[in-house]
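Given next are the chains, with one letter for each unit.
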Amino acid sequence: MTPSLEVRRLAYAYPDGTQALFGVDFAIGRGERVALLGPNGAGKTTLVMHLNGILTAGHGTVAVAGLPVEKGSLKEIRRRVGLVFQDPDDQLFMPTVREDVAFGPANLGIGGEELQHRVKDALERVGMLEAIDRPPHHLSFGQRRRVAVATVLAMEPEILVLDEPSSNLDPASRRELAEILRGLDVTVLMVTHDLPYALELCDRALILSGGVIAADGPTREVLADAELLAAHRLELPYGFALP
Amino acid sequence: MGSGHHHQLYRPGDTPVHRLPPQCKLAAVAGFALVVVATPREWLWAFGLYALLLAAVAAAARVPPSFLLRRMMVEIPFVVFAVALPFIGFGERVSFLGMSFSVAGLWAAWNILAKATLGVIASVLLAATTEPRLMLLGAQRLRLPPLLVQIAMFMLRYMDVIVDEMRRMRVARESRGFAARNVRHIPVVARSAGALFIRSYERGERVHLAMLSRGYSGSMPVIQDLSASSRQWLVAGMLPGAALVVLLGSWGLA
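These protein sequence lines are chains A and B, in that order.
The first sequence begins at 1 in UniProt numbering and counts up one residue at a time.
The second sequence begins at 1 in UniProt numbering and counts up one residue at a time.
Careful, some of the hints might be misleading.
Unchecked claim - Now the in silico label distances, taken between C-beta atoms and shown as ranges:
(1) A/Pro-218 / B/Arg-167: 44 to 50 Å
(2) A/Glu-114 / B/Gln-8: 34 to 40 Å
(3) B/Arg-181 / A/Gly-58: 50 to 56 Å
(4) B/Leu-148 / A/Leu-236: 30 to 36 Å
(5) A/Pro-237 / B/Leu-196: 33 to 39 Å
(6) B/Arg-176 / A/Thr-18: 31 to 37 Å
Unchecked claim - Covered by chain A, per the in silico footprint, the following chain B stretches (three or more residues, Cβ under 8 Å):
(7) 157 to 163
(8) 204 to 216
These are calculated hints, taken from the structure and not from any lab test.
Just so you know, even glycine gets a beta-carbon here, dropped at the ideal spot from N, CA and C.
Only chain A is shown next, with the shape it has when bound in the complex (with noise of 0.2 Å):
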């Protein structure tokens, strides 16, 4: 079966010349939820931007469901690739709830009632529903981030790329976003250096450090190691113990 997500020796370098990715190599299958850890700086976010074609690949290929990214093929890139940003202002940019969710599915040219059902379906699938004629910024921290998770469901994703979703989170909503999340039926790869949510929603961690994949394996090996933790300058919480 073809693979949801396929890096292949991607390599990037700034235009300023810093190099970003030395040739990164990774696949992800069909409904897998992959953690993605790394330190601050590791490259997490220039590797995010590559997979629907914000920056080009300066070397080697990323692919979505078979599709190489490339200039032709962006607009379907972006429908299979949802990305949700680690701050959710940057992600809701219209007056209201409705308007955002629609904003992606509008682009791709939907319209009328067929708009109107994905939108609601989106905002039902993460619990927002009743926040739908609200402006964005009435929200709580917590509801917005959730209302950002339905704008890119609403396009119905091949893959869901989510930027540290537990960031800024109290832990109630924290916990919230992680039952929507495991309820979602889409393959989910998640950015974090949050240790604990990558082992609670992902059974596959990888570590991204110095711009190569220096991990691929199952989440709660990944964390059992810590010499490669702290290799990788990731470390577990305090008091926290691998259950």
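With chain A fixed as given, assemble chain B onto it according to the hints.
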């Protein structure tokens, strides 16, 4: 806090005026303003009739006079200017209560006051019955350049975010013992303003990335169907239409 309701001009309701499509209302207000401006200032009673027309609209929209009055504050600078005119005007003068006024100045003041007041009331009524975002969508339907509409749309969305950021920066300054008290503190405040500009600019870049990620290709998709029926255009046309009848009627009499 940044979560305040900044749409203070809008007064939610469900009246025939609220329900009219925004582009009809925008066009009606613009038409009305044109008729008012075209009316010679000497036709005092025509202005009275215009005011009655607006009162009828306010009644239909259930906007109370107190609401209108409070929102008319924006006019005050013009009022101050208009009040000065009879004193500083040239030409023939009249005396009243022991003070001398310029006749030309009095007419000029009346002209500004009457026309500005009617225009302001019409605009306040428009704002009170139309959500800001719908107003922008209406403007887009009236062929206002889409880029301008998008800029205004983002301003509407991010105003609170930026004001909140500004407040946090001020709190951060004051927490470290700084309070702007005199002119010498201006450079510090100016640097904060510069930092705020850069932060907002960077946010703009991130928002643009988020838009690209969801398939944005230069134009906003149509999400809300705002088409207006000819009946709605007719209803909205009643205000400028009636004003035009008044104007033409006065012309016939004069």
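So, going through the hints one by one against the coordinates:
{"no.": "1", "hint": "A/Pro-218 / B/Arg-167: 44 to 50 Å", "result": "holds, 46 Å"}
{"no.": "2", "hint": "A/Glu-114 / B/Gln-8: 34 to 40 Å", "result": "holds, 37 Å"}
{"no.": "3", "hint": "B/Arg-181 / A/Gly-58: 50 to 56 Å", "result": "holds, 53 Å"}
{"no.": "4", "hint": "B/Leu-148 / A/Leu-236: 30 to 36 Å", "result": "violated, 52 Å"}
{"no.": "5", "hint": "A/Pro-237 / B/Leu-196: 33 to 39 Å", "result": "holds, 34 Å"}
{"no.": "6", "hint": "B/Arg-176 / A/Thr-18: 31 to 37 Å", "result": "holds, 33 Å"}
{"no.": "7", "hint": "157 to 163", "result": "holds (count 4)"}
{"no.": "8", "hint": "204 to 216", "result": "holds (count 10)"}
Of the numbered hints given earlier, the model fails hint 4 alone.
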